[in-house]
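*Asks:* Single-letter residue listing:
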Amino acid sequence: MREITYAEAIREAMTLEMRRDPDVFFFGEDIGLYGGAFGVSVGMFEEFGEERVRDTPISEAVLVGAAAGAAVTGTRPIVEIQFSDFITIGMDQLVNQAAKMRYMFGGRAQVPMVLRTPAGSGTGAAAQHSQSLEAWYAHVPGLKLVIPSTPYDAKGLLISAIRDNNPVVFMEQKLLYRRKGEVPEESYTVPLSKSDVKREGRDLTIVTYGRMVPTCIEIADEMSAKDGVEIEIVDPRTLRPLDAEPIIASAKKTGRVLIVHEAVQFGGYGGEIAAIIADSEAFYYLDAPIRRLGGLDIPIPYNPELERNAVPTPERIRETIQGLLA
Amino acid sequence: MREITYAEAIREAMTLEMRRDPDVFFFGEDIGLYGGAFGVSVGMFEEFGEERVRDTPISEAVLVGAAAGAAVTGTRPIVEIQFSDFITIGMDQLVNQAAKMRYMFGGRAQVPMVLRTPAGSGTGAAAQHSQSLEAWYAHVPGLKLVIPSTPYDAKGLLISAIRDNNPVVFMEQKLLYRRKGEVPEESYTVPLSKSDVKREGRDLTIVTYGRMVPTCIEIADEMSAKDGVEIEIVDPRTLRPLDAEPIIASAKKTGRVLIVHEAVQFGGYGGEIAAIIADSEAFYYLDAPIRRLGGLDIPIPYNPELERNAVPTPERIRETIQGLLA
Amino acid sequence: MATKQQTKRPPELTKEKLSDIYLKMLQTRNFEEKVAYFFSRGMVHGTTHLCAGQEASAIGACANLDESDLITSTHRGHGHCIGKGININRMMSELLGKADGYCKGKGGSMHIADLTRGNLGANGIVGGGLPIAVGAAMTLKLKKKDNIVVCFFGDGAINEGSFHESVNLASIWKLPVIFICENNQYAMSMSAKRSMNIDDLSVRASSYGIPGKTIDGNDFLEVYHAVKEAKAYAKTNGPMLLISNTYRFKGHSKSDANKYRTKEEIEEWKALDPIPRLRAWLEEEKILTATELDGIEKQAHEDIEAAVEYASNSPDPSVDTILEDVYAD
Amino acid sequence: MATKQQTKRPPELTKEKLSDIYLKMLQTRNFEEKVAYFFSRGMVHGTTHLCAGQEASAIGACANLDESDLITSTHRGHGHCIGKGININRMMSELLGKADGYCKGKGGSMHIADLTRGNLGANGIVGGGLPIAVGAAMTLKLKKKDNIVVCFFGDGAINEGSFHESVNLASIWKLPVIFICENNQYAMSMSAKRSMNIDDLSVRASSYGIPGKTIDGNDFLEVYHAVKEAKAYAKTNGPMLLISNTYRFKGHSKSDANKYRTKEEIEEWKALDPIPRLRAWLEEEKILTATELDGIEKQAHEDIEAAVEYASNSPDPSVDTILEDVYAD
Ligand SMILES: Cc1ncc(C[n+]2csc(CCOP(=O)(O)OP(=O)(O)O)c2C)c(N)n1
Ligand SMILES: Cc1ncc(C[n+]2csc(CCOP(=O)(O)OP(=O)(O)O)c2C)c(N)n1
Ligand SMILES: [Mg+2]
Ligand SMILES: [Mg+2]
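Protein chains in written order, with the working numbering: chain A, 404 to 729; chain B, 404 to 729; chain C, 749 to 1077; chain D, 749 to 1077.
No lab work stands behind these hints: they were computed from the structure. Glycine included, each C-beta is placed from N, C-alpha and C at the ideal position. Among these hints, one or two may not hold up.
Stated by the list, open to error - Residues from chain A that face chain B, not an exhaustive set, calculated with beta carbons under 8 Å:
{"id": "1", "residue": "Ala541"}
{"id": "2", "residue": "Ala652"}
{"id": "3", "residue": "Gly674"}
{"id": "4", "residue": "Ala677"}
{"id": "5", "residue": "Pro717"}
{"id": "6", "residue": "Arg721"}
Stated by the list, open to error - Distance condition first, Cα-Cα at most 25 Å in a straight line; then the derived BS3-like pairs of lysine-lysine:
{"id": "7", "chain 1": "B", "residue 1": "Lys629", "chain 2": "B", "residue 2": "Lys597"}
{"id": "8", "chain 1": "C", "residue 1": "Lys979", "chain 2": "C", "residue 2": "Lys765"}
{"id": "9", "chain 1": "C", "residue 1": "Lys941", "chain 2": "D", "residue 2": "Lys1002"}
{"id": "10", "chain 1": "D", "residue 1": "Lys941", "chain 2": "C", "residue 2": "Lys983"}
{"id": "11", "chain 1": "C", "residue 1": "Lys765", "chain 2": "C", "residue 2": "Lys1046"}
{"id": "12", "chain 1": "C", "residue 1": "Lys976", "chain 2": "C", "residue 2": "Lys1034"}
{"id": "13", "chain 1": "D", "residue 1": "Lys1002", "chain 2": "A", "residue 2": "Lys583"}
{"id": "14", "chain 1": "C", "residue 1": "Lys922", "chain 2": "D", "residue 2": "Lys1046"}
{"id": "15", "chain 1": "D", "residue 1": "Lys1011", "chain 2": "D", "residue 2": "Lys782"}
{"id": "16", "chain 1": "D", "residue 1": "Lys983", "chain 2": "D", "residue 2": "Lys961"}
{"id": "17", "chain 1": "C", "residue 1": "Lys1007", "chain 2": "C", "residue 2": "Lys941"}
{"id": "18", "chain 1": "C", "residue 1": "Lys1002", "chain 2": "B", "residue 2": "Lys583"}
{"id": "19", "chain 1": "D", "residue 1": "Lys976", "chain 2": "D", "residue 2": "Lys1034"}
{"id": "20", "chain 1": "D", "residue 1": "Lys889", "chain 2": "C", "residue 2": "Lys941"}
{"id": "21", "chain 1": "C", "residue 1": "Lys889", "chain 2": "D", "residue 2": "Lys961"}
{"id": "22", "chain 1": "A", "residue 1": "Lys597", "chain 2": "A", "residue 2": "Lys655"}
{"id": "23", "chain 1": "C", "residue 1": "Lys782", "chain 2": "C", "residue 2": "Lys756"}
{"id": "24", "chain 1": "D", "residue 1": "Lys1007", "chain 2": "D", "residue 2": "Lys1018"}
{"id": "25", "chain 1": "C", "residue 1": "Lys1046", "chain 2": "C", "residue 2": "Lys961"}
{"id": "26", "chain 1": "A", "residue 1": "Lys655", "chain 2": "B", "residue 2": "Lys629"}
{"id": "27", "chain 1": "C", "residue 1": "Lys941", "chain 2": "D", "residue 2": "Lys763"}
In isolation and in its complexed conformation, chain A is listed as follows (with noise of 0.2 Å):
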């Protein structure tokens, strides 16, 4: 099948779906003619016109509230924040508005939108455009979130994100962008809350997402040729509402459990998926303490070496599963 990357992957769902429901549109800082920061929308401009894609003004709280107001009146609007370290500016219009509207309102409302955003560390950017907050976002009953790690799920995810009826945080990752996957070229969805298992195993699970995964999958390919371990790897894809059910499963299954993610390990999504393992059958089933490896406990430093050592470098999840399986 035809191979292309993350960032066209996330394009092409824009466009289509915008091709296919005239409410559908897309705003943001600089993503009309320069493309967006990371070139993600190049090209859709040029197709779309600037009724449909509007660059805007650096404003992020009134770019996400816009969005929710857009949403909530009938439109499907796509807003894109440049650097998901930017929607603390937009946090009271996102956590709020726009996840509170539909409770509070009684049912009487839906905010249709999607914020997609671009997070993670490993370029260099220093501190205060490297994070990774999803376990906020995660947090945030009325949100959805929605963190995809291969070109296919991206394409398939985002449309299903803009054709969901409740505010979507769809947040990709950076070191992905440029990444390439088979992706078909027809729409397609890969639906939301539903967890997949990356690769198969029978002696230890490791739960993680977004550009864990193929970290991940090359050191479980890595061990099963050297030393015959067969790791199973679940992507939980959709953070919340989160399919926990193939979590559990697979822990039950291997009973052995190791957690990574990128995100500051205190206090990160992966307690969440710790604590749910903890509580339920597989509790019974485990064989060893359940470990987790998320990023140390600082903000993204500037140098590069202590960047890449920031956040969970391939060595240090090797020897954590060796430790794990000893």
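Given the coordinates of chain A, assemble chains B, C and D with the ligands onto it according to the supplied hints.
*Replies:* Then chains B, C and D with the ligands, alone, in the frame of chain A:
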């Protein structure tokens, strides 16, 4: 000993520190003549005058950021955000500026500020005024996070927070403001990052904080009297950086753990506690899955009976304990 | 104490329309008196923010709107709701947290919304409605609808960043929004004088290259005319900022000792109460007779009694519904 | 293409001072040329934002400041740093992520700060520095210090809510802050014309009842004078807003195809390059001879070479330091 309320204890801490240290000052919305939305600062404007007790416009972004700017230049501001839900508007300043300055600047800055703010439901103020978002702050390196559960702790912890050289988010509990407890008149500190065993017991550990502490103690006392069950209650008090040892020790001792908080369970702080236990030595001593009891997966509703049921009720806590002991 | 209401009466303000307007102002006042009573008796938990004194501003603005025009409101939104044609029975039910309330008891005073009539909701966040209004106007533009959005907010909200970002965005995209700042002189205990270094808040329009105008918000006709003009302007030219000067007679919320303002000041403004002013004008202009006006007052009273009756008979929401309404299918 | 620099020369601008100013402008330019080179070769990871073309604005403003005056800067802050007297060796080291950098390699281009000289730091968040500047001025006020804060930000930042909240708060408390908007006509690809419905951004001062003034930011003397006046004003009266009109010669950051502006426009502005303009004036006014000026140019060049040398010899930070510097004791 003299008994005063939680709100009075907080006022006393601020007042004593402002008398002691001319660099401490205080600003926020309606904290002056009005005395604060919850009356916490009544009389302080009269004592310290408008240079050091400053009413502000409704502008949470600059309030939080100005506290950081004042702190990094040599004063010790206390900023009050009228409801913790409104920190969302100042989130960039708190998380991208205040919390990260020191690290980004290679340790060559310090930001000794305190952000005081009331949190929690139970006052009939509905979804936008009732949240418990401590999990967010707990996830941010560079911040400290304190939630006191008694008037005694409130006073001593706030004095420590004011003297601390880092940005401290000090989340007060609305439902505790009017609750009384013994508090010495003189100045004293309760150290940050020191978990406190609020009640000793051998049969089960409850880890909880804030307003759920008195509720859990009452239930524990009741069950002790009625069923002879002895519950140990550990209150971390400082949620970041966490003193995990006493929690792990208690889990080892009792073998059964329940984590209780008002915040939405999914993605809540309880996940971190559960994960820490599940990855500690205590794992090997557990006789039952680690149970959590947090808020339901909804925004806080208005109707009083719905509101009461949105967070762990004494009945549900009791049932869960019984389930764990069964 | 001028009764300025002598401004010309436009033809569309028929007797029926004006009767309805007067009725709505009275309904608002009476509604809130009931609400205040309930709160003072502890019959309702939580808090509420009364707009008594500000009715001309709310009702006068909304009198220009069709059902398909949109509004965003605030924590002090009872007048906006009634102005936009809400069902009072269900509004009262919501205040009492009942199942028949607009939000099934989940929203309460600060979150009443009626999307079927273009009311995008009150808001518990000061300044929270402005970005939503801008987004709603984006929908109107995208769907080429000939409607407008009226965005209400206070003199406190005008100092939030969201005001600045919202008005700027609306200005460059020429979105059909009328930003109405109801300047009741205080944001909780903070007076507009202390919170801003300017006297006439309408100067803020110039930062966005849009027209700004300050009006007597206690004069129904002045409000009506200003919003009428603004509506015509907004449809073709984009946003406008109106500062509607007014005053709240009651405390900020149920717990307010009013320490920050004087009795004299309150009395001065009470003399400018928009309701008797409108009545006086309606009589002077011989649009309605004293008897007719009395009749409307009685009607308003009865409507609210009926609403209380309705709300009291409405059941509490079942706790079983607590998990519903978080996500749409 | 006027060389307006004929404005009167104040006595404190001695030959030495002007030599230093010219040197700093050149150092900034040369510094950035090196940085651009490093980035284009992939010798530095991450990104950087060059202020080439804007040096008069940065250095001209800072030339008014003592070490105990404070500044907040932006992502495009190299000129502010050098203007505020930073050690260039350690600044270059930081850009290269080295242990001797101002931030020990943890901050990089977007986070250089030098608190010992009143530089409160660059900022990766557009508009992020404004609230910090206001807080810094609160410290000055509380401690009764006779200093000011200069807060730099861009024409993009002026649309952030933080601008509005910050200037308003400073205005009511009469805090000694000069808000300097360096209007280089673009925020990334968004022109000021498209992002605002106004031509002269200084009108925004009127929203806060403070003075606003627009100046030619490529004219060193004009900048110098305006900030001198503003400084005197700010110390007794509170904040002021200056719009410093200028232009960035380079793309927004290292990856910018410059699609949104024309070659012609760039050339027009290059003709207004503040560095040759200052040189021409210094020569015309016979303050410095051509030989002296050449000497300064050589000096600037050597300073940057030395900085590169210093930075290259500086070790990388040890990975063992990664967990340090999160919390103060
Ligand atoms: C973001 C935010 N900050 C603070 C509050 C608390 N609060 C509620 S209403 C209010 C005053 C609002 O003043 P104004 O905008 O003038 O409206 P008014 O109450 O006068 O109608 C305050 C401070 C809030 N609800 N939201
Ligand atoms: C809050 C925030 N939004 C967006 C960005 C991405 N970004 C960085 S610089 C920039 C343009 C800033 O424009 P301006 O303020 O005019 O400064 P200039 O780059 O022109 O010096 C943008 C959009 C950011 N860093 N922070
Ligand atoms: Mg007001
Ligand atoms: Mg610019």
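*Asks:* Run every hint past the structure and note whether it holds.
*Replies:* Comparing the hints with the structure gives:
Evaluation of the Ala541 of chain A hint against chain B yields a held restraint, the C-beta minimum of about 4 Å falling below 8 Å. The restraint placing Ala652 of chain A at the interface with chain B is violated, with a minimum CB-CB distance near 16 Å, outside the 8 Å limit. A least Cβ separation of about 4 Å between Gly674 of chain A and chain B falls short of the 8 Å threshold, and the interface hint therefore holds. Below 8 Å, beta-carbon pairs count as interface contacts, and Ala677 of chain A has one with chain B at about 4 Å; its hint therefore holds.
The interface hint given for Pro717 of chain A is broken, as the beta carbon of that residue sits about 21 Å from the closest beta carbon of chain B, more than 8 Å. A least Cβ separation of about 18 Å between Arg721 of chain A and chain B goes past the 8 Å threshold, and the interface hint is therefore violated. For the suggested pair Lys629 of chain B and Lys597 of chain B, the alpha carbons sit about 31 Å apart, so the restraint of at most 25 Å is broken. Restraint check for Lys979 of chain C and Lys765 of chain C: the C-alpha separation of about 18 Å stays at or below 25 Å, so the hint holds.
At roughly 47 Å between alpha-carbon atoms, Lys941 of chain C and Lys1002 of chain D are farther apart than 25 Å, so this suggested pair is violated. Taken as a hint, the Lys941 of chain D and Lys983 of chain C pair is honoured in the structure, with Cα atoms around 22 Å apart against an allowance of 25 Å. Of the supplied pair hints, the one linking Lys765 of chain C and Lys1046 of chain C holds, its CA atoms being roughly 18 Å apart against a limit of 25 Å. With a C-alpha separation of about 23 Å, the suggested pair Lys976 of chain C and Lys1034 of chain C falls inside the 25 Å cut-off, and the hint holds.
Distance check on the hinted pair: Lys1002 of chain D and Lys583 of chain A sit about 24 Å apart at the alpha-carbon level, within 25 Å; holds. Of the pairs offered as hints, the one joining Lys922 of chain C and Lys1046 of chain D is violated, with about 53 Å between alpha carbons and a cut-off of 25 Å exceeded. The hinted pair formed by Lys1011 of chain D and Lys782 of chain D meets the criterion: a straight-line CA distance of about 23 Å does not exceed 25 Å. For the proposed pair Lys983 of chain D and Lys961 of chain D, the alpha carbon gap of about 17 Å is at most 25 Å, so the pair holds.
A distance of roughly 16 Å separates the Cα atoms of Lys1007 of chain C and Lys941 of chain C; the hinted pair therefore holds under the 25 Å criterion. For the suggested pair Lys1002 of chain C and Lys583 of chain B, the alpha carbons sit about 24 Å apart, so the restraint of at most 25 Å is met. Using a Cα cut-off of 25 Å, the hinted pair Lys976 of chain D and Lys1034 of chain D holds, with the two alpha carbons roughly 23 Å apart. Restraint check for Lys889 of chain D and Lys941 of chain C: the C-alpha separation of about 21 Å stays at or below 25 Å, so the hint holds.
Between Lys889 of chain C and Lys961 of chain D, the direct Cα distance comes to roughly 36 Å. Violation of the 25 Å bound is thereby established for this hinted pair. Distance restraint check for Lys597 of chain A and Lys655 of chain A: the Cα-Cα separation of roughly 18 Å lies within the 25 Å cut-off, and the hinted pair is therefore satisfied. Distance restraint check for Lys782 of chain C and Lys756 of chain C: the Cα-Cα separation of roughly 35 Å exceeds the 25 Å cut-off, and the hinted pair is therefore not satisfied. A C-alpha spacing of about 18 Å is found between Lys1007 of chain D and Lys1018 of chain D, which places the hinted pair at or below 25 Å, so the restraint holds.
Restraint check for Lys1046 of chain C and Lys961 of chain C: the C-alpha separation of about 36 Å exceeds 25 Å, so the hint is violated. The hinted pair formed by Lys655 of chain A and Lys629 of chain B fails the criterion: a straight-line CA distance of about 38 Å is larger than 25 Å. A C-alpha spacing of about 48 Å is found between Lys941 of chain C and Lys763 of chain D, which places the hinted pair above 25 Å, so the restraint is violated.
Comparing the model with each earlier hint shows violations of hints 2, 5, 6, 7, 9, 14, 21, 23, 25, 26, 27; every other hint is respected.
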